[in-house]
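Chemist: All chains, please: the whole structure from these sequences, using the hints.
The chain contents come next:
2 protein chains.
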Amino acid sequence: MSRKSKGIDAERELVHKFNNNGWMAVRIAGSGSMKYPSPDILAGNNIKKIAIECKTTKSNNKYLTRKEVNELRQFANIFGVEPWVAVKFTNKDNKNKDWIFLTLEDLKETDKSFVFEYEKAKLLGLSFEELIGV
Amino acid sequence: MSRKSKGIDAERELVHKFNNNGWMAVRIAGSGSMKYPSPDILAGNNIKKIAIECKTTKSNNKYLTRKEVNELRQFANIFGVEPWVAVKFTNKDNKNKDWIFLTLEDLKETDKSFVFEYEKAKLLGLSFEELIGV
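Residue numbers (our numbering), protein chains in the order written: chain S, 51 to 184; chain U, 51 to 184.
To be clear, the hints were calculated from the coordinates, so they are not data collected in a lab.
Check each hint, because a few of them may be wrong.
Said to hold, decoys possible - With a cut-off of at most 30 angstroms between alpha-carbon atoms, the simulated DSSO-like pairs for lysine-lysine come out as follows:
1) Lys-158(U) <-> Lys-147(U)
2) Lys-172(S) <-> Lys-67(S)
3) Lys-158(S) <-> Lys-98(S)
4) Lys-85(U) <-> Lys-54(U)
5) Lys-162(U) <-> Lys-138(U)
6) Lys-138(S) <-> Lys-98(S)
7) Lys-158(S) <-> Lys-117(S)
8) Lys-98(S) <-> Lys-117(U)
9) Lys-108(S) <-> Lys-56(S)
10) Lys-54(U) <-> Lys-85(S)
11) Lys-98(S) <-> Lys-85(U)
12) Lys-54(S) <-> Lys-138(U)
13) Lys-98(S) <-> Lys-98(U)
14) Lys-54(U) <-> Lys-98(U)
15) Lys-170(U) <-> Lys-54(S)
16) Lys-67(S) <-> Lys-162(U)
17) Lys-138(S) <-> Lys-85(U)
18) Lys-85(U) <-> Lys-85(S)
19) Lys-98(U) <-> Lys-147(S)
20) Lys-54(S) <-> Lys-56(U)
21) Lys-172(S) <-> Lys-85(S)
22) Lys-162(U) <-> Lys-54(S)
23) Lys-67(U) <-> Lys-85(S)
24) Lys-67(S) <-> Lys-147(U)
25) Lys-85(S) <-> Lys-158(U)
26) Lys-158(S) <-> Lys-85(S)
27) Lys-67(U) <-> Lys-117(S)
28) Lys-138(U) <-> Lys-85(U)
29) Lys-98(U) <-> Lys-67(S)
30) Lys-147(U) <-> Lys-56(S)
31) Lys-85(S) <-> Lys-147(U)
32) Lys-85(S) <-> Lys-162(U)
33) Lys-56(S) <-> Lys-54(U)
34) Lys-158(U) <-> Lys-67(S)
35) Lys-67(S) <-> Lys-56(S)
36) Lys-56(U) <-> Lys-98(S)
37) Lys-117(S) <-> Lys-172(U)
38) Lys-85(U) <-> Lys-56(U)
Modeler: Here it is, written out as structure tokens:
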């Protein structure tokens, strides 16, 4: 399976989770390739609305480019939603392969990019249930 | 150009209009073919958020199926946005080919579907500028 297909599968999985829990979520067409900033997923209920950048990784850390982070922030500011990064660590050593949700403040800024590590993400991030307030 | 391509072109045109006017708008992936209700476009700014079903027609009236209308209403209720239908009448006789925005209350319900006619849509509907409150 291509990297792109895996990314889409991960996004679809997350959309299902929201839709099965009383929210509505949609995948955005052409995210990452549009001339305008756009997230991977928009999800909302009557209380909360969020824009999500989705990432999966087999390693213990994952990078986001400065452009990805800036565009997510810009989109969220103008549209009027909360920006979140959803990450799934699929490393075999990690027993818990659930999604972890991070705010942009949870990311560690480096010279060229933003990074989050598994151990810190587990501490700082929210689970899906915490995010949706179940 | 296929009917599907024309539909996507129309959606893209509308997304550009929003993004060029201080809003953020995105096309939804797989709208119309997803197992969950989903609109064609989501657009928002910090004040207002809307879900849009896009239609273009060469004739003087256009139908929406009961399923389309119900799903748009359901999505909008749960996500927490306003449901709108955007229609562009491309009939040669119509000098004004701008988009007209209708609420679900503006649609006329028939036995099997919902219909809107050009003359009534012009009277009832909002222009793009009126919709975004320019």
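Chemist: I'd like to know which numbered hints this structure contradicts. Please list them from smallest to largest.
Modeler: Of the numbered hints, 12, 15, 16, 19, 21, 22, 24, 25, 30, 32, 34, 36 and 37 do not hold.
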